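**Student:** Protein chains in written order, with our numbering: chain P, 1 to 164; chain S, 1001 to 1550.
No lab work stands behind these hints: they were computed from the structure. Keep in mind the model is a prediction, meaning the values are calculated, not measured. Just to be clear, a hint being listed does not mean it is correct.
Said to hold, decoys possible - No more than 27 Å apart at the CA atoms, straight line, and that leaves these computed lysine-lysine pairs for DSS-like: (1) Lys-70/P / Lys-55/P; (2) Lys-70/P / Lys-1263/S; (3) Lys-1010/S / Lys-146/P; (4) Lys-70/P / Lys-87/P; (5) Lys-146/P / Lys-1110/S; (6) Lys-87/P / Lys-1249/S; (7) Lys-1263/S / Lys-1201/S; (8) Lys-1439/S / Lys-1324/S.
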Amino acid sequence: MTKHIIKDRQIIEDHWLYTGGEEEQAIPSDEDLDIIVSFDQWQNEREKLLNRNGKLGVCIGNGVSIDDIKDELGNFDLIAILFTAFKDGRGYSYARLLRERHGFKKEIRAIGNVLRDQLFYMERCGFDAFDLEHGNNMENALAAFKDFSVRYQPAADDAATISG
Amino acid sequence: MYQYNEIDQKIVDERVEQFRDQTRRFLAGELGEAEFRALRLMNGLYIQRHAPMLRIAIPYGLLSSEQLRMLGFITRKYDKSYGHFSTRQNLQLNWPKLEDVPDILAHLAKVEMHAIQTSGNCIRNTTSDHLAGVNPDELEDPRPYCEIIRQWSSFHPEFSYLPRKFKIAVSGAEKNDRAATLVHDIGIYLVKNPQGEIGFKILAGGGLGRTPYIAQTVREFLPKKHLLSYLEAILRVYNQHGRRDNIYKARIKILVNALGIEKFREMVDAEWEHIRDSALQLDENQLQHFREFFTPHAYDKNAADDSSFSTQIQADKNFAAWTKHNTVEHKIAGYRSVYISLKAPGIAPGDMTDEQMEAVADLADQYSFSQIRVTHDQNLILADVKQGDLHALYQALGKLGLATANIGTLNDMICCPGLDFCSLANAGSIGIAKQINEKFDNLDYLYDLGEIKLKMSGCINACGHHHVGHIGILGVDKKGEEFYQFQLGGSAAEDASLAKIIGPAVAKEDVANTLEKIIDVYTDKREGDERFIDTYRRIGMQPFKEAVYA
Ligand code: SF4
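Chain P with its partners taken away, still in its complex shape:
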C-alpha cells in the first residue's frame, strides 16, 4: 500500500520508512532505503547510519529538543517533528529555530497527531511536509493553507511585521 503525505501543498506518494517516530523498529538491512530514525538510534548507531546509501532523517519532539541535534544538522536530509498531542506546541518553536536560526533548508515534516486545523500555523513556522494522522482527508486539508490570506507577524515565511 502506498502512503501519501502533503509536501509543498501537494499530495504526494511518500517513500520514507520510519524506524523512529511514534514507534521504533529495526533499521532495515536494505541500505538503499531512505529512513527516518529515532534520536536514540541516531546516537547509538551513528557510524552505521552514516555509511548507508539511502537518505537519513531523524525524528525529534517527545522529549528530544532542538538543542540535542542542532550541531549535527548536516547529517540529515529530513527532520521529522513528532506531535504526540496536537496541543503540545513545542514543535512550532523547533521548526522556526531550524529554519531561521540554523538555516536548515531540507524537509521538515510534521508527524503524529497532525490535523487539518494546525497546518496553516505549521507551514508558517517552516514545516513543508505533513504526514496527517490517519483518518484525515488530505484533499480537504489542502484548503487549510489558505485559511488566512494576511498575516500579522514575521515567522519562517516572509511576512512583514504588524501593519503599521
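We have chain P; now place chain S with the ligand onto it with these hints.
**Tutor:** Same frame as chain P, but now just chain S with the ligand:
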C-alpha cells in the same frame, strides 16, 4: 481609538469563515470533540453548566458606542438580553447557541470586533489601565503598545499551542497601577530611565489561580523598538520549557520560580540576542502610526469655566455623593471620568442589559466622544465628560439604574459567575454578593469605610481574583455543601501582595456576618482615615482572627 485597516478587517472576516467551517465540520461529525474543543476555545467558546459561554474580546477594554450598541443587539438576538462584563475587560454571553456562534462573530466583525484568543492556551486579550490616556499618573498612554501586542499576538503561528493560557497587561506608569500588572504572565510598565528616555520595564511570572505569584522583573529598561522581540524571546523560552505534564504547573509563573529569576532572565536574554535586530524591531514610524490612533480628543478649552457644576453639587446632595464616589479627576481641567456602576443592589456584578448597553452608547455619543471603557472591577467608564454635563449624565444614568454611588466601596465587589453559570464552581458567588449587598445597604456607612476591594471567586481557579482582594472570598466545597473561605491583605496595585487565609471556611448563611465582624475590627482599630488594607498591614491577622472565631 484604533481603526481597522484592510488587513485587520480581512483577518477577522477570514476568521469568521474559518470558524464557520470548523463548527460545520464538528456538527457533521468530521471534527472530533477534543480537536474542536481546542479550536472553539481559541475563539472564546466554552461549554458551561447550562449552555455554551462566548467570551468577546474588548481589546484593552475600549469600546466605541457603535460597538456597545452591537453588543446590545447581539445579547437581545442571540442571548437572554444581557451580558456579563468580566474582570479581564471582556464581555461574556452565557446563553448563546453553538450553531449561532458563527453568525454572532460575523456581526462582531462588522464593528471591528471578535472573540479571537479570549480563551485557550494562547496569548489572550492584552489588558490595560481603564483610565489610560486621561489620568494624571501615566508617563505615556499604554494603549498604542497594547494594540501593537494585540496584532503581533493574534494568530501567532508559534505561540498558539502554549503550555497554558498567557496574559499580558500594560500600564502607563508604576504609580497607581490599575491594570493589576503584577499578577500577569507578563506585566509591562512604561518607565523612564536615568537618561530621561521612556521605555518598558518587563516583569514575568505573576498570576493567580491555585498557586498565586507576584511577577518578578526580567528587564529594568527595554527600549521601545525592542518590545516585540523581547516578548517573543520570553514566549519562546516558555513554549519550549514550560511544563506540559501537569495543567496546574503549566503557567509561566511555575517555570520562572522553578528556574529562579536569574536563570530565567539568562535564557530569555540569550534567545533575545538572536532576534533583537530581526524584522520584529519596531521603527519610529510604526510606533508613531499606532500612537496617532490614541491622540487626545478635541477637548473644550473653556470646560472649566462652567459654574453650573458647583451650583448643582450644592443643591443636590445625592449628586454630590455620586460625583465624589463615581467620578475621578481628569488630566484636562473641567473634565472628569465617570464610572458607571454595574453593581446595583440585587444585580449580579458586571451584568448589563441590552437596553442599558444601547442607552449608554447614546450617552457616550452625547457626552464622552463616543467611547466607553470596561474596568477590571466590572464597571464601565465614560472617560471624558465635561463638568457642566455631569448633572444631566447623572440623571440619565439614574433612570437606567446605573448611578449607584458605590464605586470603590465594599459593595463594588468583583465576583466570578460561580455556581450559577460555571461548570467548575464549588460554590455560588452571585447569591453571596446579594447577601453582602443586603447587609451593607447603608451608603453613608460604606462611604465611611472608604476603599475596600472585595473580590470573590467560586473556586480555586480564582477568576474573581480573591488572592488580591483587600478582602478575598473563595467558594469551597465541604462534603457537597458550599462553604466560604476568607482571606485578608491582598492587593493588585503596585504594592501587590497576596491575601492570607484567616482560618476555617464559614457556612453560606454566615458570609455577610463574618464580613461584618472583619469590618468591625477595622473600624475599631483604624487610625485617622487609614484604608482597610493599611490597617491590616499595620495590625496583622490576629485581631481579625480572634473576632471571627470568637
Ligand atoms: S473562579 Fe472557578 S467558579 Fe469562578 S468563574 Fe473561575 S472557574 Fe468558574
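**Student:** Give a verdict on every hint.
**Tutor:** Status of each hint after checking the structure:
1. For the hint pairing Lys-70/P with Lys-55/P, the CA-to-CA distance comes to about 18 Å; that is within 27 Å, so the pair holds.
2. A C-alpha spacing of about 22 Å is found between Lys-70/P and Lys-1263/S, which places the hinted pair at or below 27 Å, so the restraint holds.
3. Among the hinted pairs, Lys-1010/S with Lys-146/P is consistent with the structure: their alpha-carbon atoms are about 13 Å apart, no more than 27 Å.
4. Simply put, Lys-70/P and Lys-87/P have alpha-carbon atoms about 24 Å apart, close enough for the 27 Å limit, and the pair holds.
5. With a C-alpha separation of about 22 Å, the suggested pair Lys-146/P and Lys-1110/S falls inside the 27 Å cut-off, and the hint holds.
6. Distance restraint check for Lys-87/P and Lys-1249/S: the Cα-Cα separation of roughly 16 Å lies within the 27 Å cut-off, and the hinted pair is therefore satisfied.
7. Restraint check for Lys-1263/S and Lys-1201/S: satisfied, since their Cα atoms lie roughly 18 Å apart, inside the 27 Å limit.
8. For the hint pairing Lys-1439/S with Lys-1324/S, the CA-to-CA distance comes to about 23 Å; that is within 27 Å, so the pair holds.
Comparing the model with each earlier hint shows no violations; every hint is respected.
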